[in-house]
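**Q** Each chain is listed here by its residues.
2 protein chains.
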Amino acid sequence: MMYVKGNHVHKGKASVEGGGNGASRLLDTSVVFIGAGNLATNLAKAMHAKGYRIRQVYSRTEASARTLAQAVGAAYTNDLAAVVNDAGLYISALKDDVLQELIPQMVNGREKALWVHTAGSLPMRVWYGAAERYGVLYPLQTFSKQREVDFAEIPIFIEARREADLRFLHELAGSLSHAVYEADSETRKALHLSAVFACNFTNHLYALAEALLKRYGLPFKVLLPLIDETARKVHELAPHEAQTGPAVRGDERVMELHEEMLADDERLGLFYSILSASIYDDAHPEPLADDAENEVGDDFNEKDINCGLPVIDIEDL
Amino acid sequence: MMYVKGNHVHKGKASVEGGGNGASRLLDTSVVFIGAGNLATNLAKAMHAKGYRIRQVYSRTEASARTLAQAVGAAYTNDLAAVVNDAGLYISALKDDVLQELIPQMVNGREKALWVHTAGSLPMRVWYGAAERYGVLYPLQTFSKQREVDFAEIPIFIEARREADLRFLHELAGSLSHAVYEADSETRKALHLSAVFACNFTNHLYALAEALLKRYGLPFKVLLPLIDETARKVHELAPHEAQTGPAVRGDERVMELHEEMLADDERLGLFYSILSASIYDDAHPEPLADDAENEVGDDFNEKDINCGLPVIDIEDL
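Same order as they appear, the protein sequences are chains W and Z. Just so you know, the first sequence maps onto residues 344 to 660 in the numbering used here. Just so you know, the second sequence maps onto residues 344 to 660 in the numbering used here.
Fair warning: there could be bad hints in the mix.
Which copy? The list can't say, so a pair holds if one copy fits it or any two copies do.
[Unchecked claim] Below, computed lysine to aspartate or glutamate pairings styled on EDC-like, alpha-carbon distance capped at 16 Å: (1) K488 - E579; (2) K388 - E609; (3) K388 - D493; (4) K455 - E595; (5) K564 - E584; (6) K564 - D608; (7) K488 - E584; (8) K438 - E603; (9) K455 - E584.
Keep in mind the hints are simulated off the structure, nothing from the lab. The structure presented is a predicted model; accordingly, all values stated were derived computationally and were not measured.
Bound conformation, chain W alone (with noise of 0.2 Å):
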């Protein structure tokens, strides 16, 4: 059993019950990595950096296990099987639907152990009937290989069925980030969602921008100094606040240019049109009257009829 403050102390072993201070027996816990994809290798990085004992690493593709293993000393393996029984915390990042069909076959064996999933996701049930003691630990964060993050300000959101492991969950985030939060399924899934938003589709929206600027023979660099502004502004004001640009101005000069330059652009034309209308649309909720910008509200109100879509094009699209 691992060790968790102030409780179930095993006195005696050594390494992963441990003895010593909390912090010395916390880094004691030997931890399994299952999966060494662009969580597990920011995670298990982070952790090792930290003085945790990383045992074991776990893929499916061999190259990718002994990567991740030789950057945190650890050995690994890309046979399931061949997973040490004795960790006392085994963490899977592994892709969802992969990890549920692999559940069983992973915890056989390894019941005694935690189990902690990292998937915005996936609700902490899919551990049910299958490990004894589980939970979730969700850094929200985007992670590359490439890149190694500070875990010190990332928000990690954990989830435990027991009170014990959540515990222990608290103080091991607790050791790589000074934000930690507990928060159930629904509120992760929530989370994760809106993180959609905010980076996987602002990254989209970088690389669409990339594309165009191409298309003119332009370096993508040029937009870096604005990508960076437009991020750190949020911080200071809301981003309903923040916004900036023709659609919320409603200069339709502007805009009727920009989806002249899409015309050849179906994908980014729809885009151009449907965020314009949604920028515009959240500027000003009430149709305007009486007053000069009349004419620009109602032809907003008429797009928004269909969420901005020109109707001429629908059944051309």
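Once you have looked at the hints, place chain Z on chain W.
**A** Using the frame of chain W, we list chain Z on its own:
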């Protein structure tokens, strides 16, 4: 006539055409701002901080003119006829359509000065027929009155009708930023359009994420480390390489779950499905065949016919 380094120097005159070294003569140029909005406020403050003499600020709104004028030690007016006639440089940062409408009245009696606008999507030729010396100074950044930005990093794109004025704008921009480029009106238009995607639309995605979190009683700030990292990442990786999330992985389970969560929000549901389809399509340009992922590929290729919109829903939008 305004001083331009090494050209048309009228010695003996003070201030505007000045004597002395290049830097002090550049700074002796008397500058009038036409407009006191976000961009004018930030540019005027940056110039003031560098020692430029801002002589007067015009805005239709007296309070705006006064606020900016006081911040940069200038006079102010809300009467275009009261704008001084003998400044060296007039910087117009009005909304595009207002600018175009006011040009004849603005320039009248001030034809000898250098006139520049600061707009991304307005060609330089809007000045043609009114001013004799004109150009564009376009800082590629998002500005708010509430935040002062560091001009040193901001790419500034300049254009001028006359070679001597171009050199002057190069010096002026170069005194504010180390990233100064000459760009014609077509190029500037492309930059502006890309900026709308990378900044305005990105900020709107932040706002949509903010609204989503609010629905679940969660604070927007939990996303800030993720937003920062998403922006930082594209300094090192091209955006299409930096893409993460369920769409690029083709994780249908998560995408279906998210779409269910958005079932009661037509707008977010639409954005989710078209942006996910677009990410997937970019990452999987060829239809996959004869392997396990065939099904995913087909699914998305089918959606692609209408840019990811579910066919059945279009008429109900």
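**Q** Go through the copies and call it for K488 and E584: within, between, both or neither, with a Cα cutoff of 16 Å.
**A** So K488 and E584 pass the 16 Å test across copies only (11 Å; inside, 35 Å).
**Q** Classify it for me, K455 with E595: is the Cα-Cα distance of at most 16 Å met within a copy, between copies, both or neither?
**A** neither (64 Å within a copy, 32 Å between copies)
**Q** Check K388 against E609 for me: Cα-Cα at most 16 Å, and say if that holds within a copy, between copies, both or neither.
**A** neither (43 Å within a copy, 41 Å between copies)
**Q** Using 16 Å as the alpha-carbon threshold, which applies to K388 and D493: within, between, both, or neither?
**A** within (11 Å within a copy, 35 Å between copies)
**Q** At most 16 Å between CA atoms: does that hold for K455 and E584 within a copy, between copies, both, or neither?
**A** neither (51 Å within a copy, 40 Å between copies)
**Q** Have a look at K564 and E584 and pick one of within, between, both or neither, based on CA distance no larger than 16 Å.
**A** between (26 Å within a copy, 15 Å between copies)
**Q** One pair to classify: K488 and E579, alpha carbons no more than 16 Å apart. Within, between, both, or neither?
**A** Answer is between: at 12 Å across copies they meet the 16 Å cutoff, but 30 Å inside does not.
**Q** Reference check for the pair K438 and E603, CA-CA at most 16 Å: within, between, both, or neither?
**A** Result: close neither inside a copy nor across copies, 41 Å intra and 20 Å inter.
**Q** Cα distance capped at 16 Å. Does K564 pair with D608 within a copy, between copies, both, or neither?
**A** neither (23 Å within a copy, 35 Å between copies)
Violation of the numbered hints given earlier is confined to hints 2, 4, 6, 8 and 9; the remaining hints are satisfied by the structure.
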